[in-house]
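**Q** Read off the chains here:
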Amino acid sequence: DAGITQSPRYKITETGRQVTLMCHQTWSHSYMFWYRQDLGHGLRLIYYSAAADITDKGEVPDGYVVSRSKTENFPLTLESATRSQTSVYFCASSRTGGSYGYTFGSGTRLTVV
Amino acid sequence: ILNVEQSPQSLHVQEGDSTNFTCSFPSSNFYALHWYRWETAKSPEALFVMTLNGDEKKKGRISATLNTKEGYSYLYIKGSQPEDSATYLCASINAGNNRKLIWGLGTSLAVNP
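Those sequence lines, one after another, are chains P and H.
Taking the working numbering, the leading residue of the first sequence gets 1, the next gets one more, and so forth.
Taking the working numbering, the leading residue of the second sequence gets 1, the next gets one more, and so forth.
It is possible that part of the hints are untrue.
What the hints assert, rightly or not - DSS-like mimics (lysine-lysine), calculated; alpha carbons at most 30 Å apart, straight line:
1) P:K11 to H:K59
2) P:K57 to H:K78
3) H:K69 to H:K57
4) H:K78 to P:K70
5) H:K58 to P:K57
6) H:K42 to P:K70
7) H:K57 to H:K42
8) H:K69 to H:K59
9) H:K100 to P:K11
10) H:K78 to H:K57
11) H:K42 to H:K69
Claimed, not checked - Taking beta-carbon pairs under 7 Å as the criterion, some of the chain H residues facing chain P (in silico):
12) L11
13) Y31
14) A32
15) T40
16) P44
17) A46
18) L52
19) W103
20) L105
Worth flagging that the hints you see were computed from the coordinates, not collected in a lab.
Here the structure is a predicted model, which is why all the values come from computation and not from measurement.
Glycine residues also receive a C-beta, built at the ideal position from the N, C-alpha and C atoms.
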């Protein structure tokens, strides 16, 4: 089925471990985004990508790394997980930077213990 | 930094009531305004993307208007149903902000049967 898929849905990891959240979309959308959702903060942009091999920081990039070697994939890596990175992470894609709506994945609930 | 504000923060209505919410955004360098519906345990779903002053969009019982000169948008729901219960998010893009969406915190709507 076409769409945007995030994996895993749920993840528990220990402080200091590296963890990668996956995002895959089948529409060949140019733009992809990673957000985190925390109570009281709404959606905050971590990183975004305008095309393959082009990435840029959002509001809260510290402690995260992204790559986009292929248009359809946009993994997010927490290099050394901290408890403050416990959150729900959403990946999204869009045909353009803003004149079309974003399509969101189902989210990954990450708990860092 | 843009600041998008939504009001009210939450709303409880009876089935059949009509309701509306407000989204305020900085009007300078306006590019686009997005509305999303976000049901509990799901991911945000795009309702409307609006770009022109005076724009009106409609989807079933939900409609939205846009005033880019004064920096506000209204979302209307006619004859609310329990399935309309969700958080409604708006987000705006400033042409000078690398086309990144800046999100409001949402209006949480509960429709009682």
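**Q** Assess, step by step, whether the Cα of H:K42 is no farther than 30 Å from the Cα of P:K70, and give holds or violated.
**A** holds, 27 Å
**Q** For the pair supplied as a hint, H:K42 and H:K69, confirm whether the alpha-carbon distance does not exceed 30 Å.
**A** Violated, because 34 Å separates the two Cα atoms, which is more than 30 Å.
**Q** Verify the interface restraint on H:L105: the C-beta must sit less than 7 Å from at least one C-beta of chain P.
**A** H:L105 check passes; min Cβ-Cβ to chain P is 5 Å, inside 7 Å.
**Q** Does H:L11 meet its interface restraint, that is, does its C-beta lie within less than 7 Å of any C-beta in chain P?
**A** At 17 Å from the nearest chain P Cβ, H:L11 fails the 7 Å test, so the hint is violated.
**Q** Are P:K57 and H:K78 close enough, with their CA atoms no more than 30 Å apart?
**A** violated, 40 Å
**Q** Would the hint on H:T40 be counted as holding, given a Cβ-Cβ threshold of 7 Å to chain P?
**A** violated, 12 Å
**Q** Holds or violated: P:K11 and H:K59, Cα atoms, limit 30 Å.
**A** violated, 36 Å
**Q** Is the hinted pair H:K78 and H:K57 satisfied, with a Cα-Cα distance of at most 30 Å?
**A** holds, 14 Å
**Q** Does H:A46 pass the interface check with chain P, least Cβ-Cβ distance below 7 Å?
**A** Hint holds; H:A46 Cβ to chain P Cβ min 3 Å, cut 7 Å.
**Q** Using the nearest Cβ pair, does H:W103 come within less than 7 Å of chain P?
**A** With a minimum Cβ separation of about 5 Å from chain P (threshold 7 Å), the hint on H:W103 holds.
**Q** Within a Cα-Cα threshold of 30 Å, do H:K78 and P:K70 meet the stated pairing?
**A** Given that 30 Å is the threshold and the Cα spacing comes to 43 Å, the pair is violated.
**Q** Holds or violated: is the Cβ of H:Y31 closer than 7 Å to a Cβ in chain P?
**A** holds, 6 Å
Checked against the numbered hints above, the structure breaks hints 1, 2, 4, 5, 11, 12, 15 and 18 and satisfies the rest.
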